[in-house]
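*Asks:* Chains A and B are the protein sequences, given in the same order.
For what it's worth, numbering that gives the first Met the number 0 labels the leading residue of the first sequence as 0, then goes sequentially.
For what it's worth, numbering that gives the first Met the number 0 labels the leading residue of the second sequence as 0, then goes sequentially.
FYI, nobody ran anything at the bench for these hints, they're computed from the structure.
Backbone N, C-alpha and C fix where the C-beta goes; we use that ideal spot for every residue, glycine too.
Be careful, since some hints might not be right.
To be verified - Quick look at which bits of chain B chain A covers, simulated, 3 or more residues with Cβ under 8 Å: (1) 182-193; (2) 198-204; (3) 233-240; (4) 244-256.
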Amino acid sequence: MMRVMVVDDEPLARDGVRARLASHADMRWVGEAGDGESAIQAIESLQPDLVFMDVQMPGMSGIDALRRVASQTRPLSILLTAYDNFAVAAFEIHALDYLLKPIDDQRFRESLDRARAAFRQRTHDGHVEPPKAWAERFTVRVGQRIAVIEATQVDWIEANDDYAGLHVGSRAYLLREPLHQLAKRLDPNRFLRIHRSTIVRIDRIAELEALSNRDCLLRLHDGTPLRASRTYVDQLHAALAAR
Amino acid sequence: MMRVPAHEQPTGVPLRTSLLAGLPIAMCMGVMALPELGHAYAGEYRAFYAACYLFWIAPLSLLQRAMWQRGVPARISIPLLLLVTYIPSVINNALAQAAAVHWGLVPGYEFHRIFAGLDGCWLALIAFCAIHALLHHHNALQCSRRREAEATALAREAELRALQYQLHPHFLFNTLNSISALVADGRGNDATRMIALLGDLLRATLERSEAREVTLAEELSLTEHYLDIERARLGRRLQVDMRVGPGVLQALVPPLLLQPLVENAIRHGIALRATGGAMNLRIDRDRDALTIELRNDGVPSLEDDHPRDSTSIGLNNVRQRLTALYPGNYTLDFTVAADGACTIRITLPLRLAATTAGPMARTA
Chain A
0 MMRVMVVDDE PLARDGVRAR LASHADMRWV GEAGDGESAI QAIESLQPDL VFMDVQMPGM
60 SGIDALRRVA SQTRPLSILL TAYDNFAVAA FEIHALDYLL KPIDDQRFRE SLDRARAAFR
120 QRTHDGHVEP PKAWAERFTV RVGQRIAVIE ATQVDWIEAN DDYAGLHVGS RAYLLREPLH
180 QLAKRLDPNR FLRIHRSTIV RIDRIAELEA LSNRDCLLRL HDGTPLRASR TYVDQLHAAL
240 AAR
Chain B
0 MMRVPAHEQP TGVPLRTSLL AGLPIAMCMG VMALPELGHA YAGEYRAFYA ACYLFWIAPL
60 SLLQRAMWQR GVPARISIPL LLLVTYIPSV INNALAQAAA VHWGLVPGYE FHRIFAGLDG
120 CWLALIAFCA IHALLHHHNA LQCSRRREAE ATALAREAEL RALQYQLHPH FLFNTLNSIS
180 ALVADGRGND ATRMIALLGD LLRATLERSE AREVTLAEEL SLTEHYLDIE RARLGRRLQV
240 DMRVGPGVLQ ALVPPLLLQP LVENAIRHGI ALRATGGAMN LRIDRDRDAL TIELRNDGVP
300 SLEDDHPRDS TSIGLNNVRQ RLTALYPGNY TLDFTVAADG ACTIRITLPL RLAATTAGPM
360 ARTA
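Isolated chain A (complex conformation) (with noise of 0.2 Å):
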């Protein structure tokens, strides 16, 4: 059970993500606050595990009102944005993660994700979990017949409503499950995500370039361009310094 504060100058903007945790059982909302001042005084007393800041906000900022709690009481934070470019001083007070508003539902299931896994790095001191046996080959269904693709074969995914678009050279085979789901089976040492809808194989990344506003257009090696969300970006530079 993670206890969660949600800290916004806007009444509808907290109960947004209010309602949104609301569907997870293990996210318990604890408080909030609509300002940075009352936000420092609500989590030195309410002591959450979690926040959701938003950045702008009268007077003080959301990443001054973090900077302003004691590292050791800091709780993990997942900054909220509506249009600006943070990302340094994100960096610097260790947020978790950022959201763009409007704020889009899948993307928050998976900050969600990523702060339960910090969650669970702090509680338990470093313990890593077992490792999981990841996906080797998908079932598909083309026409009448059911057809195997192996894992290796798939160059990139896209997310196709409740399904998954595998991408298998020039064709595209539908796996029926979405892709938040998927992205968890799949070894994270082969495919990464770059956004919200898509997921690429590593060493299928053949070029990358950055865009001005920091997210990232990749070219496949077979000519498909798919563009790396900002929120990712880190992510996939260390994916591919890795190799």
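Based on these hints, arrange chain B on the given structure of chain A.
*Replies:* Frame of chain A; chain B shown alone:
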């Protein structure tokens, strides 16, 4: 509408101005002659040199202008001008000596004085060339500044048109309407997703750089943002296949080159088909050119053979901007097959942006 930068005259400075540039030197010669007035024949002597000088600057300025026109480099033009100005000086000296001998002012010819003693005319002619070159340089500078200002104004105009195009209220309100329909239908998850996608597109639009050209990577990214919304709306009816060749992500293209074309392909092609359809985008390099080919399924045209109006408006917008940026240096072909499938082929001069120190550099 379309303005093409006015071409400066090839020589820049008008001929009259070129000749007037000789006057300051003539005046200097007059001033230099003052202390010697009263000496025997000094006045006549100086007047003769001044007249010679004024006579020679005409062919000299023509020569200089001819060299500028042909773009002769300075390492050739400067020695050549020194030589060319030396010859008239020698001729002057020879004439002056001949006159002096003729009127018995000097006992006989002194050849060393013909080839030396050139201060009278050679320096003056060199000074003329220098002043003339200065004028020309100044003029060229003004012209290039004017051209730059014109190009900037033109780019801004294109930017404005592009902006109007991309924030097309039709698209925005249609998307809002789709969202509203999703909410009314109780499909809250789909609605929030569509809102997030619209947010992304607006963010990408607002974060665009002001540049008159962007990298292909930027343009593809914006097009993808747009495609996300169309995918959400059309679902599996829309099949997109994009392929980009190696080494062209940094190619410079005008902002919003692809997005309006892709929008056309979907709105006036694929979206009209009950079964949906495919769109193929191929971008590659062909020697010094960037080639873009966009093909989409469509519906056979019913009433006439002309492409639909809004299609042509979108195409005209792109064509105008290409003409402004690459006059005479691009191609754009649009063909419609009998079954309504459309193909657009564009070739642009391939120029690559300098490598940017973006997030790549940050990982270090």
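*Asks:* Which constraints among the numbered hints does this structure fail? Numbers only, ascending.
*Replies:* Of the numbered hints, all hold.
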